[in-house]
Amino acid sequence: MENFQTVLNQHICPILPPHIAKLLLTLPAIVLHKVTEIRIRVNQPLLLVLSNHDITVPVSGQTEGKPEPYRCNSEDLARTFQLICKNSVYAFEEELRQGYLTVKGGHRVGLAGQATAFDGTVKTLKNISSLNIRLAREMLGCADCILPFVAANSRGCVSSTLIISPPRCGKTTILRDLIRQLSTGNPLLAIAGIHIGLVDERSEIAACQNGIPSVDLGPRVDVLDACPKASGLLMLIRSMAPQVVATDELGRAEDAAAVREAVHAGVSVIATAHSRTIDELCNRPYIGELVKQKIFERYVILSNRLGPGTVEEIFDSRQEKVMYTCMNEVKVCGSKSLVV
Numbered sequence: 001m002e003n004f005q006t007v008l009n010q011h012i013c014p015i016l017p018p019h020i021a022k023l024l025l026t027l028p029a030i031v032l033h034k035v036t037e038i039r040i041r042v043n044q045p046l047l048l049v050l051s052n053h054d055i056t057v058p059v060s061g062q063t064e065g066k067p068e069p070y071r072c073n074s075e076d077l078a079r080t081f082q083l084i085c086k087n088s089v090y091a092f093e094e095e096l097r098q099g100y101l102t103v104k105g106g107h108r109v110g111l112a113g114q115a116t117a118f119d120g121t122v123k124t125l126k127n128i129s130s131l132n133i134r135l136a137r138e139m140l141g142c143a144d145c146i147l148p149f150v151a152a153n154s155r156g157c158v159s160s161t162l163i164i165s166p167p168r169c170g171k172t173t174i175l176r177d178l179i180r181q182l183s184t185g186n187p188l189l190a191i192a193g194i195h196i197g198l199v200d201e202r203s204e205i206a207a208c209q210n211g212i213p214s215v216d217l218g219p220r221v222d223v224l225d226a227c228p229k230a231s232g233l234l235m236l237i238r239s240m241a242p243q244v245v246a247t248d249e250l251g252r253a254e255d256a257a258a259v260r261e262a263v264h265a266g267v268s269v270i271a272t273a274h275s276r277t278i279d280e281l282c283n284r285p286y287i288g289e290l291v292k293q294k295i296f297e298r299y300v301i302l303s304n305r306l307g308p309g310t311v312e313e314i315f316d317s318r319q320e321k322v323m324y325t326c327m328n329e330v331k332v333c334g335s336k337s338l339v340v
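Numbering (UniProt numbering), first residue to last: 1 to 340.
Keep in mind that the hints are not guaranteed to be accurate.
[Claimed, not checked] In the DSS-like style, the derived pairs of lysine-lysine whose C-alpha atoms are separated by at most 27 angstroms in a straight line are: (1) Lys104 / Lys86; (2) Lys126 / Lys86; (3) Lys34 / Lys126; (4) Lys22 / Lys34; (5) Lys86 / Lys66; (6) Lys22 / Lys104.
Keep in mind the hints are simulated off the structure, nothing from the lab.
Sequences are here, hints too, so could you generate the full structure?
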């Protein structure tokens with residue numbers, strides 16, 4: 001796992017006001033190592049979200065007893081927002097419409113505040129009152145237990161796979177490692193390296209800088225960074241001839257259409273979507289149709305029950321059977337659980 005101290009120094013501190021960065025750096029390493037989110041709200045305590053609970057950041061930098069928490073003010077929010085946008089809000093208009101920004105390292109910053117809408121569509125956000133810095137974690141090996149179920153199907157190809165869970169359960173982290181392992185290959189499992197086309201619409205999976213991935217995705221991955229999923233999937237199929245295409249967070253009608261077209265073109269798809277169960281997924285528009293049509297052969301169902309990245313079940317939709325289940329409260333994902 002990446003050293004959080006390094007992540008904090010290189011990626012997070014540069015987008016925080018100096019006094020808040022200093023407060024974080026005074027916290028014990030054992031606490032920093034467990035951080036998954038940093039939440040900044042106007043007139044509320046500065047919060048750190050760990051894998052299964054939250055803590056406030058004390059003014060003194062101490063965590064024992066009941067120290068006074070640091071309370072963020074409107075200037076903290078405004079300055080953080082300016083640093084994230086590099087003092088050029090207009091350059092991030094499209095991202096603001098989506099309610100998030102992605103910063104160096106693939107860390108996503110969610111925003112809430114006053115929406116400006118027209119015709120039922122959000123045009124921009126202003127008067128930002130909440131920021132949620134979600135930390136991207138590169139965890140090599142976290143997809144170990146999933147790999148054998150995805151790597152080959154009855155036709156000797158990679159199985160089209162949908163990874164599903166509610167937010168904050170490790171979908172993107174597991175997707176990233178699964179891409180890396182398929183791209184690299186695994187002689188012990190008789191898996192040859194696979195050529196993969198990755199559409200990274202939110203710049204979270206590959207964490208590209210100037211189009212170049214800053215995380216390990218293996219030697220056989222071609223990335224379309226900051227590209228809409230639907231057009232990107234089909235563009236990669238035409239231009240790069242991948243065996244597999246991958247992307248994050250399916251949801252729109254055009255996403256479903258592109259996935260369907262890719263599979264019908266003989267290209268496997270590995271993707272993620274928000275849902276707790278397959279039954280719930282069936283009730284979602286567009287993506288539910290993919291389930292009913294059995295476009296995906298495998299479903300990997302994650303939870304946060306034993307920490308982020310708990311694989312509850314792996315389901316084969318063609319044979320309609322459970323291939324793997326989390327039993328006896330055992331943490332999964334090989335020896336590298338996502339629990340932090």
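* Which earlier hints turn out false for this structure, listed by number in ascending order? -> 3 and 5
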